[in-house]
Every structure is written in structure tokens, then in C-alpha cells.
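Using the sequences and the hints, build the whole thing.
2 protein chains.
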Amino acid sequence: MQTLFRYNWQVRQDWFSWCEDVPLEELLRVRTGGIGGILHTLFHIVDVEWSWIRLLQGKPDFQESFEEYQSLAQVRKLDTLFREEVEKFVLSWDESMEDLILYDPQPDGSIATDTWGEVMRHILAHEIHHVGQLSIWAREVGKKPISANLIGRGLAQKG
Amino acid sequence: MQTLFRYNWQVRQDWFSWCEDVPLEELLRVRTGGIGGILHTLFHIVDVEWSWIRLLQGKPDFQESFEEYQSLAQVRKLDTLFREEVEKFVLSWDESMEDLILYDPQPDGSIATDTWGEVMRHILAHEIHHVGQLSIWAREVGKKPISANLIGRGLAQKG
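Residue numbers (the numbering used here), protein chains in the order written: chain H, 1 to 159; chain D, 1 to 159.
None of these hints come from the bench; they were simulated from the model. Keep in mind that the hints are not guaranteed to be accurate.
The list treats identical chains as interchangeable, and a pair is accepted whether it falls inside one copy or across any two copies.
The list that follows gives simulated cross-link-like pairs (lysine to any residue, SDA-like), each with its CA atoms no further than 25 Å apart [claimed, not checked]:
1. Lys143 - Trp15
2. Lys144 - Thr32
3. Lys144 - Trp9
4. Lys59 - Ala156
5. Lys144 - Asp108
6. Lys59 - Gly152
7. Lys144 - Leu27
8. Lys59 - Pro23
And the structure:
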């Protein structure tokens, strides 16, 4: 579980670095599919990861608006801000939390139930999925995407 | 671990069904980024998953060529064929296999070492990444992509 979170965080940093050489207008350009843009997707990944971790902890969430984060520096700053809490939660994860139930009120008034284990894997899959979208848009920009390889990143050491 | 494999298999079946309503020429059309096409990506996912599982077991691998699998039915058939062995391996996974070492000869003559745990997560991330690419191309075809949500799929029950 933690290996895949560390994979996501490492890949995310790689994408932030990748963005440094890309003009802001390309990062902001509205594109077909997904969240509709490169920087917007990175913002969305950061926001959604944090929001779920807050929800699991029973802490109040808030929806950040991308309108307020129209530069790479601002999205990176948000990532740094949220990471501390996310990392603390992820690194304190243990098996006993797997089957805890999250009661998640839906817009239609019903209440969805998910196990914490499902939610954690949902967060993981969510980021990898969106990063796959970035890899297509990278080619549209004419730039090689960040490798999605998990092996070769030295992720085995810390368990 | 197994939850994410079952997630991938379920999403993959959803994409196979999704393809049924899409003209073959759209499934075969060469696109920007990734493996370069919808059906080719599904073929690649099936091939790569099986190949790694074979490698872990020390069994001979072979590179299937997409040239031989130019229809949805053929890719599905390959998936069914490979799944039996993959599923057996995944469902027999236990913690003691995490730190086993795979020695993987590289094209340059060096030998990469990966833990089995890394390889298994590499397989998982590989598929989710490529499915993210499918979701962009789905919009290009003008069709809603398969949901990447992991929650709400009833995946918690089997551990």
C-alpha cells in the first residue's frame, strides 16, 4: 500500500519538474477528456488525495477551486501543504484499518459505504489513471512523458 | 494487492464491452501517445501482465505481436487464455513473496534486480496508467469512458 503511495508522490514530483520547461499557456490549455488540462489535472490529483484522507479522519474538507491556482508554483505549494497530513496518515496505516467503514453521503441523499482499504486503493488508482492522461497530452505538447515504471525507482527498500 | 488486480480485471472487462459499440477502424486507429491505439493498448495490457507473471515463475515468455490480434474477439480470447495462469498466481500471493528477488537481464547486458513486490505493483500501475490513456481516446471517439472509480465496485468483500 505505502509503496504505491510513494510511487505516486515520486511520479508527481517528476511531473512537476517536467512542467518547468513547458509554457504556462500549454499547461493551462483546455484539452479533450479527463479534467481537461495538464496543470488542472495535477491540481485535481493533489486536491482529491487530500480530501479523501481528510474524510477518513472525519475532518472537514473544502473544495479548492482551480481558478485560484493558475501557476505551477501555486499548485506545488498546495501539494507541499497537503502532503504533510497525507503522508502522516499513509505512513501510520496498518492492517487493522482495512475494514473500517466510511459512511459517505451522496448528492441524492443516500449514504454510500466503503471500507477504508477500498478508499486508499481508490486514491492510488485515481492518481495513476490521471497521470496516464497526462502522458497523452505530453505527446501533444511534443515532449516525452515521465516514465510510469514502478520498478527501478528504489521503492522496495522502505517496505 | 489482490483488490487492485481484481479492480484491473473488472475495468478491463468493462473496456472490452465498451469496445463492442465502437467501429473496428476506430479501435485500430493510430493515435498520439502511449501504445498508439485503443485495441493495441488492451492487447499490450494483457500481454505485459502475463509476461511479468511468467517471468516471476521462471517460465519462458514470448512476445505476442499485435499484428496477429487485429480484432476485439482475438484480444478477448488472448485475455481469457492468459487470465487463468495470472489469476492462479495472484490469488496464491502471500506476504512471504514480497522480498523475493527477480533477476532481470537488460538489453545492455546488465542485470536489474527487482523485488517480487515491486514487480506486482509495477503490473498494477502499468494497467491503470494505460487505461488512463484509453479514457482520453474515448472522448476523441465521442464516447464516455469507463469509470476509473475503485469504490462502488464491490471489491472489498474478498479481501
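Going down the list of hints, with the structure as the test:
| no. | hint | verdict |
| --- | --- | --- |
| 1 | Lys143 - Trp15 | within (12 Å within a copy, 28 Å between copies) |
| 2 | Lys144 - Thr32 | both (19 Å within a copy, 12 Å between copies) |
| 3 | Lys144 - Trp9 | within (19 Å within a copy, 29 Å between copies) |
| 4 | Lys59 - Ala156 | between (32 Å within a copy, 24 Å between copies) |
| 5 | Lys144 - Asp108 | between (42 Å within a copy, 22 Å between copies) |
| 6 | Lys59 - Gly152 | between (36 Å within a copy, 22 Å between copies) |
| 7 | Lys144 - Leu27 | both (15 Å within a copy, 24 Å between copies) |
| 8 | Lys59 - Pro23 | neither (37 Å within a copy, 47 Å between copies) |
In summary, the structure is inconsistent with hint 8 from the numbered list given earlier, while agreeing with all the others.
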